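One-letter residues, chain by chain:
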Amino acid sequence: MTLRPAVSEHDHAAGRADAPLTLVEYGDYQCPHCAAADPVVRAVQSAFTDELRFVFRNFPLTEMHPAAEPAAEFAESAALQGKFWEAHDAIFAWSRENGPASLGLEAFESIALGLDLDPRQIERDVSSHRHLERIKSDFNSGVRSGVNGTPTFFINGQRFDGAPSVKDLSAALKAALSARR
Amino acid sequence: MSRILAPGSLAPDFTLASAPDRKLTLSEFRGKPVILAFYPADFSPVCGDQMALYNATLDEFRKLGAQLLGISVDGVWCHAAFAAARHLKFPLLADFEPKGSVATRYGVYDAEEGISGRALFVIDAQGVVRWSYLSPAGVNPGADGILDALEGMNQLGSKS
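In order, the protein sequences belong to chains A and B. If you use our numbering, the first sequence corresponds to residues 1 to 181, in order. If you use our numbering, the second sequence corresponds to residues 1 to 160, in order.
By construction, these hints were calculated from the structure, which means they are not laboratory data. Take the hints with a grain of salt, since some may be wrong.
Mimicking DSSO-like on lysine-lysine, the simulated pairs with C-alpha atoms at most 27 Å apart in a straight line are [to be verified]:
| id | chain 1 | residue 1 | chain 2 | residue 2 |
| --- | --- | --- | --- | --- |
| 1 | A | K136 | B | K99 |
| 2 | A | K136 | B | K32 |
| 3 | B | K99 | B | K23 |
| 4 | B | K99 | B | K63 |
| 5 | A | K136 | B | K63 |
| 6 | B | K32 | B | K89 |
Residues on chain A that point at chain B, a partial pick, calculated with CB under 7 Å [stated by the list, open to error]:
| id | residue |
| --- | --- |
| 7 | L61 |
| 8 | L105 |
| 9 | E109 |
| 10 | S110 |
| 11 | L115 |
| 12 | R144 |
| 13 | G146 |
| 14 | G149 |
Here are the computed distance ranges between Cβ atoms for each label pair [as the list claims (entries may be wrong)]:
| id | chain 1 | residue 1 | chain 2 | residue 2 | range |
| --- | --- | --- | --- | --- | --- |
| 15 | A | S178 | B | Y133 | 41 to 47 Å |
| 16 | B | Y133 | A | R120 | 21 to 27 Å |
| 17 | A | A14 | B | G114 | 46 to 52 Å |
| 18 | B | Y133 | A | P66 | 28 to 34 Å |
| 19 | B | G114 | A | V166 | 36 to 42 Å |
| 20 | A | R180 | B | S101 | 47 to 53 Å |
| 21 | B | K63 | A | V166 | 36 to 42 Å |
| 22 | A | S102 | B | E28 | 32 to 38 Å |
| 23 | A | P66 | B | K23 | 30 to 36 Å |
The model shown is predicted, which means the values in this text are computed figures rather than measured ones. Using N, Cα and C, we set each Cβ at its ideal position, and we do this for glycine too.
In isolation and in its complexed conformation, chain A is listed as follows (with noise of 0.2 Å):
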């Protein structure tokens, strides 16, 4: 399973774009795995510094959790206001917080709030579903490479197939990073 497309400029990255290990995640805002999961991913960041390059891609299952997308479209306003990663670890945690199915409005704006994000803008993006094209894309990338649920995570454009473990995905990223050696 190789990610397609590659990794670009068009999407959310954290840490050095020169870094040798990229961990892409596929994931869905309101699933309670996704959520658990990013405390780890944060973890990974900070154990590998600058050898890891972090990307989120969204997967939103609409069906099964009706808030993902609005969600998915409120990260991505933020992101126009300079804020994605913050609106990405406050929606995780609220879901943590409160349980997932407490996100919606209400929660987007308590978010929005507190992380002092125009709440207009926000409500027009998300209302207008200016940046559904570039999520719906994010979606049939995962598709196309082999997301076959969530989280799916990549590294260096592999499908990890592990348990999203600090344990396992750092035993998995040692391992990518030896055989760039």
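Knowing the structure of chain A, use the given hints to seat chain B on it.
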């Protein structure tokens, strides 16, 4: 499990219940490609399970002109509850009586467990199997293989 039906074979025709009061016959779909997705059971505990993923991928299948049919040995009422819970927008067929007979004809019935394997078939507009795949137990095969197979067929079709 016997051998999975290989590409080039004529897809065995069947009639199965798709709802308590409705039956569906494979050959009714002649003229358009059909994706048959055999799966072990309704209600698996994971997020984004195979049927939920295909539900989300329906638009892509439709763009390629294909009809998706899910099949398991579960009965119609179980299918109805599963489809309602997951908001599934494609038919689920009940290979229920005699149990697993369609899965057996496609070579994907697991008689020991009494369930169908996770198997995919892409059938062309003439009713011929063009691609088939049996996934290892417990592994959701995703949708990329189906899309590749459908696109491959479309390209061949447009060349001839």
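Would you settle whether the hint for A:R144 is holds or violated, based on the nearest Cβ-Cβ distance to chain B being less than 7 Å? holds, 6 Å
Cut-off 7 Å, beta-carbon criterion: hint that A:E109 touches chain B: violated, 26 Å
C-beta pair B:Y133, A:P66: status relative to the range 28 to 34 Å that was hinted: holds, 31 Å
Next pair to validate is B:K32 with B:K89; report whether the Cα-Cα distance is within 27 Å. holds, 18 Å
Using the nearest Cβ pair, does A:S110 come within less than 7 Å of chain B? violated, 24 Å
Are A:G149 and chain B close enough, Cβ to Cβ, to be under 7 Å, as the hint says? holds, 4 Å
Status of the given 41 to 47 Å range, CB of B:Y133 versus CB of A:S178: violated, 33 Å
Holds or violated: A:L105 as interface residue toward chain B, Cβ cutoff 7 Å? With Cβ-Cβ at 20 Å, over 7 Å, it is violated.
Would you check the hint for A:K136 and B:K63, treating anything up to 27 Å between C-alpha atoms as holding? holds, 14 Å
Is the hinted pair A:K136 and B:K32 satisfied, with a Cα-Cα distance of at most 27 Å? Distance of about 25 Å is within 27 Å: holds.
Measuring from beta carbon to beta carbon, are A:P66 and B:K23 in 30 to 36 Å? Hint holds: Cβ distance 32 Å, inside 30 to 36 Å.
Hey, does the A:L115 contact hint survive, CB to chain B under 7 Å? The hint is violated - A:L115 has no Cβ within 7 Å of chain B, the shortest such distance being about 26 Å.
In this structure, the earlier hints numbered 1, 4, 8, 9, 10, 11, 15, 16 and 22 are contradicted, and the remaining ones agree with it.
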